[in-house]
Amino acid sequence: MWWPGVCARAEAPAGAALLATLLLGGCQEPTPVLERIIPVFGTIVQVEVAGADPAAADAALDGIEALYRRIDVDWRSFGPGELGRANARLAAGEPVLLSAGLAHLVARSLEVRELSGGLFDPRVGPLIRLWRFDDLAHATPAAPPDEAAIDAARAALQAAVLHLDGRQLSTAAPVTLELAGIAKGSALAAGAAMLRAAGIHSALIVAGGDVLALGSRGPRPWRIGVRDPLGPGVLGRIDLLDGEAAVSSGNYERQFSAGGRRYHHIIDPRTGHPARGAAGTTVIGRDPELANAAATTLLVGGPAAFTGLARQLGIDCALLVTEDGQRLTTPCMARRLRP
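Those letters in the sequence shown? Residues 211 to 549, per our numbering, in order.
I should point out that these hints are in silico values taken from the structure, not numbers from a laboratory. Predicted, not measured: the structure shown is a model, and the values here were computed from it. By construction, the Cβ of each residue, glycine as well, lies at the ideal position given by its N, Cα and C atoms. One should not assume that every hint holds.
[Said to hold, decoys possible] If you anchor each label on the Cβ, the simulated ranges turn out as follows:
1) Leu-374 to Arg-548: 39 to 47 Å
2) Gly-535 to Pro-305: 43 to 51 Å
3) Asp-361 to Arg-471: 18 to 26 Å
4) Pro-429 to Asp-375: 23 to 31 Å
Just need the whole structure built from these sequences, with the hints factored in.
This is the structure in structure tokens:
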């Protein structure tokens, strides 16, 4: 569908951490935009291509949609896709030969695990399943799991030493991989590469609350609003530069309440429980995979670790909102997050 240039765009779905583009500051000359909506990854992916040949843009969007639908199956931790099949073998303690794409994703996950001191851990799959956050179609959990079961899952996680040799992945003990904390960033990078290969240099990919920009929206940068994780409003706006991604993580996406307490889906591998202290994070960077993993890691690390952990991960632009509403920002983010 073609949309005319406008002064403001509609908001993304309520569950998104980042709102869709906001073209503020006065009207501008219309720039033709071709838009594709793709329901994948348990959310809605919206791809906007500006000022391109319609046939070339439509063909590129077809390719992106086919890729996203495939990896939506192949990168799920459980089920008939490649990662689900690999996890079935890893859970039995058997080695597995991964595809090049999945091997790359596992390698990046292990790299971030080292950088984060284990706060980001792709081996957290058994804990995710124990808390019943493993299936987007699953009923909302009614209660937290038994503490003894959590302790057993944590002990099993620590025993599962992973070894990746090229595409061959092996483990010292049964393990289940969970790559959701980095996979959407990888999908953003892959989509951007497909657009550039098609000669498209002005586009925006919005995957739920995660965004990647190519070029600009006519004479102005692509502009996004950052959601307030504690309420319905926005914290501010950010102008994204060519090739930049803005990725968020929050405790509001999947959750349940029991015994007067709220539990969310981002599990701290150190405790086996949902992370505490941070309500949401946003990271800006040119490496979408690292930005995705860093947003999750900063939320797990919490306010006390924010500054040191961002430096440790090599992240310049980051924001953390605490559960009581305080905002922690790196100097770069303080400059770029505008009211």
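Could you tell me whether the CB distance from Leu-374 to Arg-548 stays inside 39 to 47 Å? holds (41 Å)
Is it true that the C-beta distance of Asp-361 to Arg-471 lies inside 18 to 26 Å, as the hint says? holds (19 Å)
How does the Cβ-Cβ distance of Gly-535 and Pro-305 compare with 43 to 51 Å: does it lie in that range? This hint holds: roughly 47 Å between Cβ atoms.
Measuring from beta carbon to beta carbon, are Pro-429 and Asp-375 in 23 to 31 Å? The hinted range 23 to 31 Å is violated for Pro-429 and Asp-375, with Cβ atoms some 50 Å apart.
Violated hint for the displayed structure: number 4, the only one.
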